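Chains as they are written, first to last, in the numbering used here: chain Y, 2 to 286; chain L, 2 to 286; chain Z, 2 to 286; chain A, 2 to 286; chain V, 2 to 286; chain G, 2 to 286.
Don't take each hint at face value.
One copy or two, it doesn't matter: identical chains are merged, so the pair holds either way.
Taking lysine-lysine and the DSS-like style, the derived pairs with C-alpha atoms no more than 27 Å apart in a straight line are [claimed, not checked]:
| id | residue 1 | residue 2 |
| --- | --- | --- |
| 1 | Lys93 | Lys162 |
| 2 | Lys105 | Lys261 |
| 3 | Lys41 | Lys179 |
| 4 | Lys93 | Lys3 |
| 5 | Lys41 | Lys105 |
Honestly, the hints are just simulated from the structure, not real lab data.
Computed from a predicted model, the values in this text were never measured in an experiment.
Protein chains: 6
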Amino acid sequence: MKNLDEMVDALLRSYDEQGGINFSEVNSFPNRQSVICALKDLQSLIFPGFNTAEDLERDGLRYATGERVNRIVAILTGETQKAMIYTLRDTKVKSSACFGLAEKTVLSLIEELPEIRRKLHTDALAALNGDPAARSMEEVILSYPGLEAILVHRIAHFLQKNGIPLIPRIMSEYVHGKTGIDIHPGAEIDEYFFIDHGTGVVIGETCIIGRNVKIYQGVTLGAVSVKKEFHDHKRHPTIEDEVTIYAGATILGGSTTVGKGSIIGGNVWLTESAAPGSRIYNTHG
Amino acid sequence: MKNLDEMVDALLRSYDEQGGINFSEVNSFPNRQSVICALKDLQSLIFPGFNTAEDLERDGLRYATGERVNRIVAILTGETQKAMIYTLRDTKVKSSACFGLAEKTVLSLIEELPEIRRKLHTDALAALNGDPAARSMEEVILSYPGLEAILVHRIAHFLQKNGIPLIPRIMSEYVHGKTGIDIHPGAEIDEYFFIDHGTGVVIGETCIIGRNVKIYQGVTLGAVSVKKEFHDHKRHPTIEDEVTIYAGATILGGSTTVGKGSIIGGNVWLTESAAPGSRIYNTHG
Amino acid sequence: MKNLDEMVDALLRSYDEQGGINFSEVNSFPNRQSVICALKDLQSLIFPGFNTAEDLERDGLRYATGERVNRIVAILTGETQKAMIYTLRDTKVKSSACFGLAEKTVLSLIEELPEIRRKLHTDALAALNGDPAARSMEEVILSYPGLEAILVHRIAHFLQKNGIPLIPRIMSEYVHGKTGIDIHPGAEIDEYFFIDHGTGVVIGETCIIGRNVKIYQGVTLGAVSVKKEFHDHKRHPTIEDEVTIYAGATILGGSTTVGKGSIIGGNVWLTESAAPGSRIYNTHG
Amino acid sequence: MKNLDEMVDALLRSYDEQGGINFSEVNSFPNRQSVICALKDLQSLIFPGFNTAEDLERDGLRYATGERVNRIVAILTGETQKAMIYTLRDTKVKSSACFGLAEKTVLSLIEELPEIRRKLHTDALAALNGDPAARSMEEVILSYPGLEAILVHRIAHFLQKNGIPLIPRIMSEYVHGKTGIDIHPGAEIDEYFFIDHGTGVVIGETCIIGRNVKIYQGVTLGAVSVKKEFHDHKRHPTIEDEVTIYAGATILGGSTTVGKGSIIGGNVWLTESAAPGSRIYNTHG
Amino acid sequence: MKNLDEMVDALLRSYDEQGGINFSEVNSFPNRQSVICALKDLQSLIFPGFNTAEDLERDGLRYATGERVNRIVAILTGETQKAMIYTLRDTKVKSSACFGLAEKTVLSLIEELPEIRRKLHTDALAALNGDPAARSMEEVILSYPGLEAILVHRIAHFLQKNGIPLIPRIMSEYVHGKTGIDIHPGAEIDEYFFIDHGTGVVIGETCIIGRNVKIYQGVTLGAVSVKKEFHDHKRHPTIEDEVTIYAGATILGGSTTVGKGSIIGGNVWLTESAAPGSRIYNTHG
Amino acid sequence: MKNLDEMVDALLRSYDEQGGINFSEVNSFPNRQSVICALKDLQSLIFPGFNTAEDLERDGLRYATGERVNRIVAILTGETQKAMIYTLRDTKVKSSACFGLAEKTVLSLIEELPEIRRKLHTDALAALNGDPAARSMEEVILSYPGLEAILVHRIAHFLQKNGIPLIPRIMSEYVHGKTGIDIHPGAEIDEYFFIDHGTGVVIGETCIIGRNVKIYQGVTLGAVSVKKEFHDHKRHPTIEDEVTIYAGATILGGSTTVGKGSIIGGNVWLTESAAPGSRIYNTHG
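For reference, chain Y alone in the conformation it holds in the complex (with noise of 0.2 Å):
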């Protein structure tokens, strides 16, 4: 066996023969610690108290809040600097451009926030009127994993529709993890939106999906074919207003629709569009 000096050496060696994942050199690379932590900040600007026990009054409330936003912004608009930058690095893109366009984004975030608050407001009353065994608005903002999916998708979806590469998908992957429900940052997701259970949904990043969809778990929406080449296609399926989905369903392909108003069984296996109002089940034996 090799000695411990030896090993070392040999692992020195493998960091700079194995192009590609060795970040040893990366200064710029996005810390994921760090975009995290300003994530948890931006869900407890959105639901004051989500994460820790807050006691505040209104005078205090203001302070809490810009310190808040404060500290959002100097760490979201650093990372996301880091993410612009590496991805960026061999244009001719100055790092002071990024800094610039970082920090207006993660401001534009910031200004965004009443809307977004709007949009989970409606999801979290789908979720109270769509399970009965919901008994409170709260007990849905602060135990469904389905809102916090929801609340994490529409942040990182507005970073992606803005451009900003890496930290979307940082995002996306955390909630997943927490979650066992996968959304692609890219994908559009309109009001009244409901995940109930949630574990192993997957959203495609080129899903466009309605008003008031309820959706199970184990749900997929997803593409037919995985060719690299189409990856500017539009690859995933589209689902209209009122839509439901039970569990286990599987919905692929770009140009699928499924029409307003319908309901898909649960583990049916879709590939073609269903006219509005259809009702899609399994025969079982």
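Dock chains L, Z, A, V and G against chain Y, hints included.
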């Protein structure tokens, strides 16, 4: 773009306007972190050494146990009282009455712990006997997510049965996030219960599960109708003793009963009762 | 109701009575937190910067690496020794023999790390090429749960193969909890392995998986029989090179082989072998 | 030797028997750590950056300041209320009255902070001008123990003057431990006060110290008589403006006055008044 | 200039060359932080609430006390054993004999605690009666550095008297650093002992101090000769009952005795015995 | 009374108005906590095991040492650069020049460490030989505040001599707070230096102290005049080889020299030179 002060103002206005998703004024709402803290202490009370490297001799064990019981009673009574006050905020129930009831329930949970340990012992035995890969009781207790999910369920169910709001759900969603196993605190589950792998399992609020039942990953025991007005009905199936349900099976409906000794195959979709001793498999092409 | 002292007494009696689920007397049982700590250090050794924001120059990297290796060797040898002592507690193997074997195995794991890095490089390439949504190697390494699951598996499998008890399972359940991907440490997995989304994937103890295999969320590679007496048999399928298995498919049985280049469609249920180049899809109404 | 249980019993009996040194029953006693925490926050409010590396721009400073003020008011009001309740426990004063008074005093301390900062500015100037080794205002503020002692004294004295029990003494003993400078919160100290080196300095409860006074290490401004019945009398000396007292000098007595512009030499022992402009030195062989 | 590797090499060589100030090889040396940790636990055992905000009712107090006793016994026995092994490393005393002796001594310290509490009660009374500024027993216990110094001394002295090496000195230097009061663990101090202010007090190894003695800041009770060969002699003075020694006085020599009821004035230098009832003051110009 | 917002405004105005005691705008000011952190790392580099319970074998020691050196160089260079930029902010010196100089000085400090260790070895020997109560080298290193003060001084003095501003003073005030020993970083101190007890010792900026000098608590080596314009003069005494200075002695003046082998008695006041071999004692009534 707005300046920072205007953004903070907009957020504060949003807190006022969006009724129901604003926690800032509610001191009395239970704190998720404290509940989870108490839950981890309960786990360590049930299996000393479960969460930390404890190294206790007989003498010390008494004091460590007493100290832990004290801490749990203090924290959990407080959080339970908050949950009750919050839930009953529009009634005339007094906060001191809530405290009395909360403390009584938490103490009765402590009193129940030896019985809960006894049941978990049967669950661990079921895992040891039911999984060829299981090597020892200790491996099962320390590393099987299914056992952790049942442990938490047996605690949460006791509180739910005693009328405690919110706290049981916070507990069950905690272990759902950790294991991907979603058991509603309302479900009644008998001894020798074994969930293998477990990711994606959903067990609904009004399920009744007998002795010696074995369930694999992705199994749903759910409701057919999710209409809000039925939330007091039995909406989820009954599983009798000695039933095995393989991965991905879906069993729905409050009047659906799977009879004693039945086997339900993988991915089976079942919305009607199965007689005792049934063997139900999908026919696959 | 009993008073507090009586409750504590009842718990203590319960610790004595319920043999097998009482850890209080076992100092030698490995500590989950220490094992996970060492695992995270191993991750950072494989991908510097994976867990923390490290900012190392060439000079410092050697010392930081050596320091990390030392820490891993110290902690993991200790926990491995405990696992061996515990498992062999009824044999005549001496605790010093356990230490020697534990240290030798941990050192050989360190020696294996460059090879593990090389394999993970192929896995990351497979993800980059196989997912149209993947933008860069770094995004894959930092945010794909599938890659983290394989990373941990390659470590756990090495230890399992070298006869270390308990520790590999603690590692695999840790990453199962984080990603929803449950790979038994016994499974043999070749290079260029890609798991997309991953939630609900189960790969059994005696699986053999070839090069360039791609697996989607909810896939089960399981056993038909779970009788305890068969735990030394090959109970799980063999997947040959260049096979793709879509979401929710279930492939069972130790003599089931999916031939080279086959494609198994979503939700397919397969308990017999498939010839090379097969295309197996469900027929859906 | 007793066994462990008997030892614990003996301790518990001792808690019951030794009246007056048993805190176990007193919830309302102020917590030293919380008081010191609030004190450190007050230091950072007075000199942003004093305790931590803060990096604030103008915008953020307002929120960070407001947030800090809120935190101080919350913690210090609570601890002050406890101190008052404890001190008044044998009177009929109500706990709600204590709260009101505590909050009012803490708020008036916040209101006084700009004035305290102004005085500390004069103290720092006195140090800068009085010590040839001092290179800059910043060095004085960051590293002179004398300045930290005065900072804490000016806060503690304000609370003492407003009738708050216990809290001022906890603060003054904290900085005594840190700097070796023991100033009783009751002492009245005017502007431009400079203590150099400081270890061993003692300034008694009823001292009155003028402007521009300079004191060296080991100086005692103490009482002659320490009879309990004189605790309402002025027992400690008066030091008029522009006096310098060198290391180790001892000045005692409530009617002892050191007149304006005097210089008291090292190790001098003085129990009678000195006229303005005195020069008092020991004669040394 | 050397490069980094050469610098590290030079340091490593220096570790080898400078015998006696290199700890790297000594596992068995007691750890300062653990000793101080145990000391703080002992303080909290003596005065519950001394170090933390504890809120215990009668029921819980028993368990918290037992738990604390256990923790102290475990940690302090370990560190004491290390100190003994280290000190006896050139003798034939076995490490297991050290363990037995260490444990026995630590247990007898626990057994002594009620007696130590009783003595500290007299010390606190002496402070309350002797300082006009003292308002209550609680203020004395919580904020008088003199009392903390005596508390630690009474523990350290017990261990020293029982032959424990190193540990008592680590304890006394800890409280010396905190209070500026330096009492050697060997000094024998009777009840009702009061040190006011205290900074700079030095009490030597072979001092004997009677009941009801009062000492002010800067008092030295020291040795005349510091020749190494006299380390077994009584080198420090004897102070009989009811003596008061004012600030800065220096009393030296092993045969120097200050007789009962004497008063020694500030800054007095005394190297000969004083008859009972003496009044010794400096004459000051 | 003002409301909270007005109070915050008043504080913010005060930050603007009181020039010179407002740190909020100065990012470049060195951070006290980082400097102390680096200092503690330096202590552990000099005496491995000084601050923590390290358990290193030969192999690991090299990496741990290298890692620690790296960390110190990174942190201390950064803080030193800040100190230089801040001090030179009104000159034309460039920040990059500061960085270069800072790094060079920190590296030369690392290079000097073996020599500093050698000197500390002589200091520890002096303590061991000079204090009858000292039992072993290890006891001296671990528990004598005098040795810690000299250790820090030898580091701070090296930096001071190399022209680094602010950092040396932050270091010396840290250890002053911990030990009550105040040595200005400018003082030149030769080998075999021993400070016993130490509380209240003050050693001025331009002191020169020879080999084998022994100093007791409360000794001042100070200046006569403290006029600012003399800050470049030698203002503090010279102590030649083999001098002993007993507790509380005061020696003042830049031209005062205590000749080789002299003994200065306790509480002596000396402002003129003493010939070699002098014996100077107070005459006490």
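Could you tell me which of the hints above the structure violates, numbers in ascending order? 2 and 4
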